[in-house]
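Chains as they are written, first to last, in this note's numbering: chain A, 1 to 70; chain B, 1 to 944.
Warning: the hint list may mix true and false statements.
[To be verified] Examples of chain B residues toward chain A, derived with CB under 7 Å:
{"hint": "1", "residue": "D162"}
{"hint": "2", "residue": "P163"}
{"hint": "3", "residue": "E178"}
{"hint": "4", "residue": "H587"}
{"hint": "5", "residue": "E615"}
{"hint": "6", "residue": "P616"}
{"hint": "7", "residue": "L618"}
{"hint": "8", "residue": "L791"}
{"hint": "9", "residue": "E793"}
{"hint": "10", "residue": "V795"}
{"hint": "11", "residue": "W901"}
Simulated from the structure, these hints should not be mistaken for lab results.
The C-beta atom is built at its ideal place from N, Cα and C for all residues, glycine as well.
These are the residues of each chain, in order.
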Amino acid sequence: MNVDHLVTMANEIAAFFDAEADKQKAAEQVANHLNRFWEPRMRAAIKAHVAAGGAGLAPLARRAVELARS
Amino acid sequence: MYATDHHDLGTPESPGAATVTVEIDGRPVTVAAGTSLMRAAALAGTDIPKLCATDTLKAFGSCRLCLVEIEGRKGTPASCTTEVAPGMKIRTDSAQLRKLRRNVVELYVSEHPLDCDGCPADGHCELQDAAAATGVTDSRYSRAAAAAEAPCDSSNPYFVFDPSLCIVCSRCLRACDETQGTFALTIDGRGLASRVVASQDDGFLASECVSCGACVEACPTAALHEKPLAGGRVDRSVVTTCGYCGVGCSLNAELDGDEVLRMVPARAGKANQGHACVKGRFAWGYATHPDRVQRPMIRAKITDPWREVSWEEAFRHTAGEFRRIQSTHGRDSVGGITSSRCTNEETFLVQKLVRAALGSNNVDTCARVCHSPTGYGLKHTLGESAGTQAFTSVMQADVILVIGASPTDGHPVFASQLKRRLRQGAKLIVVDPRAIDLVRTPHIEAAHHLQLRPGTNVAVVNALAHVVVTEGLVRENYVAARCEPESWRAWRDFVAAPRNSPEAMEPVTGVPAAAIRAAARLYAAGPNSAIYYGLGVTEHSQGTTMVMGIANLAMATGNLGREGVGVNPLRGQNNVQGSCDMGSFPHEFSGYRHVSDAPTRALFEAAWGVPLASEPGLRIPNMFEAALDGSFRALYIQGEDFVQSDPNTAHVVSALSAMECVVVQDLFLNETARYAHVFLPGSSFLEKDGTFTNAERRISRVRKVKEPLAGLADWEITQRLAQALGYDMHYAHPADIMAEIARLTPTFRGVTYAKLDALGSIQWPCNDKAPEGTPTMHVGEFVRGKGKFYLTEYVPTSERSNDRYPLLLTTGRILSQYNVGAQTRRTANLAWHREDRLEIHPDDAETRGIRDNDWVGITSRAGETVMRADLTARVTRGVVYTTFHFPESGANLVTTENSDWATNCPEYKVTAVQVVKVLQPDDWKARIAAQRAERRRAPAPAGG
């Protein structure tokens with residue numbers, strides 16, 4: 001999977017949920033979205049990207065990726 | 001000429017609830033107050049002779065044939081324009097009436113001799129009927145030369161106007177006015193020189209006529225008749241459902257043997273109310289076009305020529321390839337695509353094949369690229385992934401807000417109903433970057449046209465909501481009773497923030513703040529305000545956010561849960577709603593239940609006899625990404641043309657070229673078939689049984705009119721492929737598939753073919769609580785319980801204009817063509833639209849030296865294409881617009897891969913472009929063709 005595209009997608013999802021004042025809740029909502037709509041190889045690729053430093057990921061997106069299922 | 005089996009009651013049904021009893025020819029008759037004497041008599045079994053009257057149009061009272069006598073009244077009033085009154089005693093037959101009627105018919109016959117042999121209307125002509133009823137065979141009066149010598153107008157490709165057969169009853173122009181709402185026809189001249197003309201006597205094709213055919217159907221003679229009627233006689237008819245847009249018109253296919261002679265809208269059709277458009281009524285010739293492929297074909301490489309094979313070999317080869325690829329690259333290296341043009345039963349089978357036979361959730365549907373944000377947005381806010389109303393609900397609306405849709409182009413039959421309501425006085429607000437027809441059309445003018453910049457929908461809806469919240473326009477009682485209080489408070493505070501005010505958003509949206517405020521006040525005042533929206537809402541990077549914003553606005557103003565209000569997505573294709581309902585998305589089973597839900601999965605596992613995956617599969621764009629990294633290698637595509645319809649053609653082509661086995665099931669060798677290894681010839685909507693579900697959740701029967709050209713209906717092809725894969729799939733008829741759908745899907749629990757036949761159609765949910773369906777959703781409470789407000793922060797799209805790409809391109813449809821044009825390009829609809837063109841504002845054109853009809857090159861970050869320019873002020877400065885119906889125009893060569901954050905629905909509606917005048921279009925075309933050819937020789941995927 002093209003990780004740059006995944007980073008863009010994760011950041012866009014995070015941008016929507018970022019309106020939530022409780023940032024922990026926002027991160028859980030983003031993670032829930034990733035769990036429910038991202039195919040496992042997409043989640044694996046973005047998790048590997050975070051493990052490698054997570055360049056380009058917004059803080060909320062990065063936190064959500066960490067919370068998401070493998 | 002009406003449907004051959006139609007019994008005309010003369011005047012429309014009266015909506016009155018009170019009843020009146022009269023006496024007709026000595027017999028008591030009770031009818032609704034307001035009913036005409038003509039209709040009352042017809043309901044009692046007495047058809048009064050008539051010519052200008054018909055039950056689809058308001059009474060006109062011009063032909064003077066339907067005269068009756070009323071006890072205690074002088075004269076002989078027309079029964080079509082006289083309403084029943086309590087105790088009235090009517091006589092429909094007497095020597096005096098017979099004499100009067102006979103003389104009237106003689107006058108008509110003097111202008112229209114009864115030379116019936118060979119006439120297309122012979123046997124179904126209302127003048128012929130009137131003459132028979134009055135005993136007229138000839139006329140004592142001589143014929144005026146003008147009528148006899150008037151030339152035929154055959155300019156319209158589908159019908160003929162023969163003035164010599166016209167009795168100037170005005171039914172055609174009244175149909176154009178009342179039914180269609182175009183007002184293209186008029187009566188020119190006076191007395192015996194009176195004649196029907198289109199526009200300023202321009203001829204039908206060149207006139208404002210939209211070729212809906214309502215005039216042709218309303219004509220009592222053969223003055224207006226469909227051209228095929230001249231070559232055949234109707235000997236049977238089959239009621240089926242149109243295969244074009246999401247209105248889902250019910251049509252009578254009238255046949256001569258197996259040959260379709262014409263399509264006539266079914267009067268009982270609840271979606272279309274007896275109306276149709278140029279596509280549904282006339283543009284069905286593609287079904288027998290010579291381009292139809294009739295034999296399966298395979299090839300080892302996409303550069304090889306096709307080889308025709310038997311069905312058996314095609315299935316064996318395809319199944320072998322899929323199993324080979326799965327054994328090498330894993331179970332999830334394959335997938336399938338369901339089609340929103342196919343039936344519910346067919347889409348259900350494709351997703352079942354992928355989930356059960358292939359063991360993967362890699363199934364998606366072409367709804368991905370149109371209304372997937374609708375499903376997500378409405379499910380989360382209201383609890384159900386569907387529109388809330390029946391189409392007829394619009395007749396109760398006081399304010400109608402149309403956002404990002406052009407119903408007169410995309411959903412013309414609904415548009416006619418909408419226009420009827422607007423002519424009755426409902427107010428209209430249009431939110432669109434382009435001046436769609438509804439903004440100003442005969443007898444209609446929008447109260448507000450919020451002509452926003454492309455990509456700023458969410459900013460506009462937030463600004464509208466800001467006005468509602470800060471000016472005290474919220475329906476507080478409704479919100480308190482029906483919505484989640486916590487989400488309400490958070491949303492109220494969010495939209496009330498100054499950054500969401502119309503004034504703060506004006507620099508972003510380009511819409512004057514005062515106009516936003518006025519529109520918000522009008523919408524909130526209602527009392528019944530309804531929202532209708534299209535792909536101009538969904539096909540954005542914030543498509544889902546906008547759907548949620550719309551739902552928020554409707555909840556805050558109490559405009560959900562009754563007739564006349566609601567949130568209504570206008571679905572693009574005939575079965576977009578159905579394909580989504582049937583579990584076509586990779587994360588959910590039919591009825592929108594997530595694959596991770598263990599009880600639901602257990603239900604399907606028990607029914608299908610195999611374990612099912614609990615993780616979501618790949619969406620279409622994810623499949624392309626996975627193809628390019630080598631982890632996705634085979635795809636079964638039913639009825640979808642990615643290469644033409646999906647954004648960034650270069651990317652799509654690269655992905656398809658990287659796969660080892662692409663299977664295309666379609667009527668024609670479409671653009672995607674260029675990259676396919678297997679071609680399975682599909683069947684048209686005329687060649688199979690099944691159901692479609694339209695934009696109002698209405699399930700309607702599709703009935704087989706003729707045998708499949710290639711021998712198998714699409715559901716049979718999928719079934720045979722599943723069998724070749726070793727999966728036990730055996731249905732004798734689509735009714736059996738629907739029975740399984742009903743067993744497994746709560747919202748379809750009560751649906752059967754027998755009930756569909758009895759009721760005509762059913763709006764889901766249809767279950768024990770609503771055995772005959774649900775016209776209006778969320779009555780009393782929302783499907784999810786309490787409505788949930790979502791915070792909809794405006795996030796600008798990353799696709800922005802700059803010095804290099806200073807214009808914003810947006811795309812849409814035109815009335816006469818349909819989506820990628822695979823069907824309509826193979827019909828005479830080309831008479832209206834032969835090519836895609838670029839609409840550009842005259843000021844933007846002038847600065848570029850572009851004149852009307854010039855060739856222009858369009859360049860974006862993704863690619864380039866070339867087409868002709870139309871200079872028009874319908875678009876604002878800085879915005880250009882085109883359609884995407886023709887592959888040679890390559891509109892999607894320039895659109896980008898930007899997509900909706902929640903669903904990956906492509907952002908077709910915003911592409912930054914530059915437009916330049918092109919003196920040598922052939923050079924551009926050659927270069928683009930070379931680029932396409934180069935992409936076809938794309939390298940093998942990494943890791944391959």
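Checked hints:
Interface hint status for B/D162: violated, as the beta-carbon distance to the closest one in chain A is roughly 59 Å, over 7 Å. A least Cβ separation of about 61 Å between B/P163 and chain A goes past the 7 Å threshold, and the interface hint is therefore violated. For B/E178, the interface hint is violated, since its Cβ never comes within 7 Å of a Cβ in chain A; the closest pair sits about 46 Å apart. Because the beta carbon of B/H587 sits about 6 Å from the nearest beta carbon in chain A, less than 7 Å, this interface hint is met.
About 5 Å separates the beta-carbon of B/E615 from the nearest beta-carbon of chain A, less than 7 Å, and the hint is met. The closest approach between the C-beta of B/P616 and any C-beta of chain A is roughly 6 Å, which is under the 7 Å cut-off, so the hint is satisfied. Because the closest C-beta pair between B/L618 and chain A is about 5 Å apart, less than 7 Å, the hint holds. Evaluation of the B/L791 hint against chain A yields a held restraint, the C-beta minimum of about 4 Å falling below 7 Å.
At its closest, the beta carbon of B/E793 sits 4 Å from a beta carbon of chain A; the interface hint therefore holds under the 7 Å criterion. Interface hint status for B/V795: upheld, as the beta-carbon distance to the closest one in chain A is roughly 5 Å, under 7 Å. With its C-beta approaching chain A no nearer than about 4 Å, B/W901 sits inside the 7 Å limit, and its interface hint holds.
The structure fails to meet hints 1, 2 and 3 from the earlier list, while all remaining hints are met.
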